[in-house]
Amino acid sequence: MVRLGLMRIVAAALLATGAVAHEITGQWATGPDGPQPRSEMAVVQDGETAYLIGDYNGAREVLIYDLAARAWTVGPQFPYPVHHPMAAALDGRVYVFGGYVDGWQASGAVWVLDTQTLQWSEAEPMPAPRAAGGAAVIDGRIHVVAGSVSGAANVDAHEIYDPASDSWEQAAPIPTPRDHLGVVAVDGQLVTIGGRVDGDPAFNLDTVEIYDPATDRWRDGAPMPTARSGVAATVLDGRVYVFGGETREITFDAAEAYDPAADSWQVLPPLPTARHGFGAVVHGSAVVTLMGAPTAGGDRSVVVETFEASAPDS
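Residue 1550 in the working numbering is what sits at position 216 of the sequence shown, and the numbering runs on without skipping anything.
By construction, these hints were calculated from the structure, which means they are not laboratory data.
Yeah, the Cβ is synthetic: ideal placement off N, Cα and C, and Gly gets one too.
The reader is advised that the hints may include incorrect statements.
Label-pair ranges, simulated between beta-carbon atoms [stated by the list, open to error]: (1) Val1446 with Ala1506: 24 to 34 Å; (2) Ser1644 with Ala1462: 36 to 46 Å; (3) Pro1509 with Ala1405: 38 to 48 Å; (4) Arg1551 with Pro1413: 30 to 40 Å; (5) Gly1365 with Ala1506: 21 to 31 Å; (6) Asp1448 with Pro1369: 19 to 29 Å.
Work out the full structure, taking the sequences as your base and the hints as a guide.
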C-alpha cells in the first residue's frame, strides 16, 4: 500500500454551528486500482464486499471488491447499459433502481442481484422513472430520494421500497429537489447532502436535509462547507464522510465530515485525486473511495483511495 503521507488535522474545522465535536485525524493511502475504469455508477456495500453497477460509457460488468482481501473480481453483466442508477444492499441482495438508459432516458426498472448466486431478477418498478438520486436502507426498507427525469429536470420524489412485499409507498417529498446528491442513513434517519439543480453543476448546493421516518418530516442540517455535486458519501462511526464533486469546469478534492448529532462539519485532508461520479464504502476504521471521473463532465478512472481515520475521542 503506497502512503501519500500523514496529513493530520491540527484543529477541527467545525463550521456552521457553535457545537463542539471530537476531531477526526487520518491519512490517505492508494490502491489497488480497479480492473476496469468506471464513473457515474452506483456503489453499494454488503458486508465486506463492495459492488459497482453501471458506467458512464456503458460497461455492463459488475465490479466486485473484497475489502478484506483488497482484491477485485469482475462479476455478472447488468441486463443492459445504465448510468446514474441508484442502489442499496440488504440481506444479501443488491437492489438497483432506475438510472439513465438509451442515452439519457430515465428508467423506472428495479433489478435485484443475489450476491450468492450472482443472478439478476426483476422487482416491482419504481412509481416513476428517475436517475441520479440516492438510496439508503432504514429498518429493512429502501428509501429512494430525489434525482432527475429524462431531460434533467429535478423531482422531489421520496419513495420507499419494501423488499418483503415487493411494493412501494410514498413518503414526504424532499424539500429541495436535486440530483447528484449524497444519501445515507444514520441512526435511523435519512441524511441528504449537496447535489445540484436540474443536472447543471453550475448550480451546486450546500444543502443538508434530514428525514425522520417516525414523523415523516424533514428538517434542515448545517450546510456543507463546500457546495458540490457528484459526491461520494458514506457513514463511519456516526459521521457522514463526503468526498469530491464537480462544477462545469473542475473536479473537487474536498473531503468533509458531518456529525448529525452535533449538526457540525469538519474539513478533512483533501482527496488525493479530485473526481466526481464515484462512491465510498467503509472497512474497519477506513473509508474507501472507488473509481470516478477526474475530469468535470465525463471521463472515468480505476482510482482507489482510502482514508484511514482515527477514532474520534470519546
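* Which of the listed hints are broken here? -> Hint 5 alone not satisfied by this model.
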